[in-house]
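Asks: Chain by chain, the residues run as shown.
There are 2 protein chains.
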Amino acid sequence: MTMKWVDEVYKGVLRTGFRVRRRLFKGRSAFQTVEVVETAGHGRLLLIDGMTMVSDRDEFVYHEMIAHAPLCVHPRPRRVLVVGGGDGGTVREVLRHACVESCALVEIDSLVVGAAKAFLPGTGRALGDRRCRVLIQDGVKFVRETAERFDVVIVDSTEPFGPAAELFGPAFYRDTSRILTRGGIAVSQAGSPFYEPGTIKNLLAILRPVFRVSLPFLFTNMTYPGGLWAFTFASKGPHPVRDLNRRRAAGLKGLRWYSPAMHAAAFTLPPFLQDALGRNPRFARRIEGFK
Amino acid sequence: MTMKWVDEVYKGVLRTGFRVRRRLFKGRSAFQTVEVVETAGHGRLLLIDGMTMVSDRDEFVYHEMIAHAPLCVHPRPRRVLVVGGGDGGTVREVLRHACVESCALVEIDSLVVGAAKAFLPGTGRALGDRRCRVLIQDGVKFVRETAERFDVVIVDSTEPFGPAAELFGPAFYRDTSRILTRGGIAVSQAGSPFYEPGTIKNLLAILRPVFRVSLPFLFTNMTYPGGLWAFTFASKGPHPVRDLNRRRAAGLKGLRWYSPAMHAAAFTLPPFLQDALGRNPRFARRIEGFK
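Heads up: the protein sequence lines correspond to chains A and Y, in order. For the first sequence, the numbering used here begins at 1 and goes up steadily by one. For the second sequence, the numbering used here begins at 1 and goes up steadily by one.
If we strip away everything but chain A, and leave its shape as in the complex, we get (with noise of 0.2 angstroms):
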């Protein structure tokens, strides 16, 4: 078979694009459309309506940073929520947890898993594990309605449009601080700080009234656009910096991304997003506390 490209198209302005092998796997859900290839450079890559979600060669970086920034974080993390993150990489890294008891993880889109399951071992087979407990459903309905309790929510979500669009609105933050047990974290998906850093700005708006704590913080994959990207942190108590466990963080064996300097350095913003992220005192004063 002759080789290829396959291109996400971001903004109409900027494209990334991969040399593909072959396509291992194209289909279409009631959501969206899930198709996995085979790349020259990057392993396997896992593409949501043509938006670059996973490769195998960078996907470390993206995981690493949204399961360990709050399990370092939480005093005692037993029980975890993982909305979104059907392809299993978040799931992966936070069953490298001990303390985790649970993981429920609630993926809309039943397509995503089973082509995760099927074509990309290296997140999907975290999905099999005892402690984790895969739940079809619709992430909001599940917040509004679950009578479960959380130590931990991460939102794993694509982009503010199409199936996530709810995701990234007020009500489900409500919810998702109910769900949330004393002292609990939520973190998420928030977008790219050089292309929209409005999307991180909204996000934070939303939050700000709910959680005690809510504070952006970065890290740089190969296969996103822009390669920046931005995740939230919200809790109902702990500090991002000054409550990381540093000890426990140093303890996870085999990471490529994440260590205990890296965590902090994460929570560090060039001005620009400072800038960007508006002059709220409030919310000025706690990220000063990084500089």
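FYI, nobody ran anything at the bench for these hints, they're computed from the structure. Possibly wrong hints are sitting among the right ones.
It does not matter which identical chain is meant; a pair holds if it fits inside one copy or across any two.
Calculated cross-link-like contacts (lysine to any residue; reagent style SDA-like; alpha-carbon spacing at most 20 angstroms) [to be verified]:
#  : residue 1 : residue 2
1  : Lys-4     : Arg-15
2  : Lys-117   : Gly-128
3  : Lys-11    : Arg-21
4  : Lys-253   : Arg-96
5  : Lys-26    : Phe-119
6  : Lys-11    : Arg-44
7  : Lys-253   : Leu-95
8  : Lys-11    : Ala-40
9  : Lys-11    : Gly-41
10 : Lys-201   : Arg-256
11 : Lys-253   : Asp-275
12 : Lys-253   : Phe-272
13 : Lys-141   : Ala-104
14 : Lys-26    : Pro-163
15 : Lys-117   : Ser-157
16 : Lys-117   : Gly-27
17 : Lys-253   : Ala-276
18 : Lys-117   : Arg-22
Model the placement of chain Y on the given structure of chain A, informed by the hints.
Replies: Below, chain Y alone, put in the same frame as chain A:
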């Protein structure tokens, strides 16, 4: 004119494409092809031999970091040499420092300087400053033969092949050390940590026997392949983190990427890069200082 894409193909496996409104300039010198295009989302873009060098939208990241990292560590930088960097962005940042009396730019290719002056005013304008002296000359030959001395040398080069190959060799860095004053600092463009950690490793292996301190540091451009990119910091004395002049760094106005906190965070390396750079005990000890 219809819109089209200009793509940088990187290592045959990744391509980064920019939507282009029109081409402003294309020329070929004895050394390379130089092109300036007007993009739809990134302002003007300079490409050399098809590789992305500078875009209006994100050049601040690279230029602030490569200039202010050494200039905020050196106790009193008065004379600065930039090797390469014919676009003018590094000179612009160097000249923000009032203590800098002169900045020499040694660029091998007059076509780059000409294109920058004519088509990239955001960076090229700095080349007309009264404190800047532009020399069209081979940088390797210049550092070998000059009788001048400099407090800071910034190697703002293209990749380690073609006209820039010798800028990644041991002879060049022995000469650089010779023309540096006591406590002098040399900073160099060092490639992609994700895709070619070997370039950083080789450069550090060359710097280590010549300089007292040699450390990599990181930044994230949106227009470079993979986003994450590296510089090396080498000095005859000052340590990049311990000797940071925070007051001078905080006094720089209008910056969008660099700050004292970003400076310190940039020297934090992810474990995958620490592993790739190997376990030279002397070097490892230095890195651990930042954990």
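Asks: Indicate, hint by hint, whether the structure satisfies it.
Replies: Structure-based check of each hint:
Taking the closest pair of Cα atoms, Lys-4 and Arg-15 come within 20 angstroms of each other both inside a single copy (15 angstroms) and across two copies (12 angstroms). In the homo-oligomer, the alpha carbons of Lys-117 and Gly-128 lie at most 20 angstroms apart inside one protomer (8 angstroms), although the nearest pairing across protomers, at 60 angstroms, exceeds that limit. With identical chains, the CA atoms of Lys-11 and Arg-21 are at most 20 angstroms apart between copies only, with a shortest distance of 15 angstroms across copies and 26 angstroms within one. Within a single copy, Lys-253 and Arg-96 get their C-alpha atoms as close as 9 angstroms, which meets the 20 angstroms cut-off; across copies the closest is 44 angstroms, which misses it.
In this assembly of identical chains, Lys-26 and Phe-119 lie within 20 angstroms of each other by CA distance solely inside one copy; the values are 11 angstroms within and 45 angstroms between copies. Taking identical chains as interchangeable, the C-alpha atoms of Lys-11 and Arg-44 lie at most 20 angstroms apart only when they sit on different chains, with a minimum of 17 angstroms there against 24 angstroms within one chain. Taking the closest pair of Cα atoms, Lys-253 and Leu-95 come within 20 angstroms of each other only inside a single copy of the chain (12 angstroms); across copies the shortest separation is 45 angstroms, beyond that limit. Proximity of Lys-11 to Ala-40 under the C-alpha cut-off of 20 angstroms is restricted to the inter-copy arrangement: shortest distance 10 angstroms between copies versus 25 angstroms within a copy.
Proximity of Lys-11 to Gly-41 under the C-alpha cut-off of 20 angstroms is restricted to the inter-copy arrangement: shortest distance 9 angstroms between copies versus 24 angstroms within a copy. Taking the shortest alpha-carbon separations for Lys-201 and Arg-256, only the inter-copy value of 17 angstroms comes in at or below 20 angstroms, while the best intra-copy value is 29 angstroms. Proximity of Lys-253 and Asp-275 under a CA criterion of 20 angstroms is satisfied inter-copy only: 13 angstroms between copies versus 37 angstroms inside one chain copy. Within a single copy, Lys-253 and Phe-272 get their C-alpha atoms only as close as 34 angstroms, which misses the 20 angstroms cut-off; across copies the closest is 12 angstroms, which meets it.
Within a single copy, Lys-141 and Ala-104 get their C-alpha atoms as close as 15 angstroms, which meets the 20 angstroms cut-off; across copies the closest is 63 angstroms, which misses it. Taking the closest pair of Cα atoms, Lys-26 and Pro-163 come within 20 angstroms of each other only inside a single copy of the chain (18 angstroms); across copies the shortest separation is 44 angstroms, beyond that limit. When the C-alpha separation of Lys-117 and Ser-157 is checked against a cutoff of 20 angstroms, the pair qualifies only within one copy, where the shortest distance is 18 angstroms, while the shortest distance between copies is 45 angstroms. In the homo-oligomer, the alpha carbons of Lys-117 and Gly-27 lie at most 20 angstroms apart inside one protomer (14 angstroms), although the nearest pairing across protomers, at 51 angstroms, exceeds that limit.
Within a single copy, Lys-253 and Ala-276 get their C-alpha atoms only as close as 36 angstroms, which misses the 20 angstroms cut-off; across copies the closest is 16 angstroms, which meets it. Within a single copy, Lys-117 and Arg-22 get their C-alpha atoms as close as 18 angstroms, which meets the 20 angstroms cut-off; across copies the closest is 45 angstroms, which misses it.
Of the numbered hints listed earlier, not one is contradicted by the structure.
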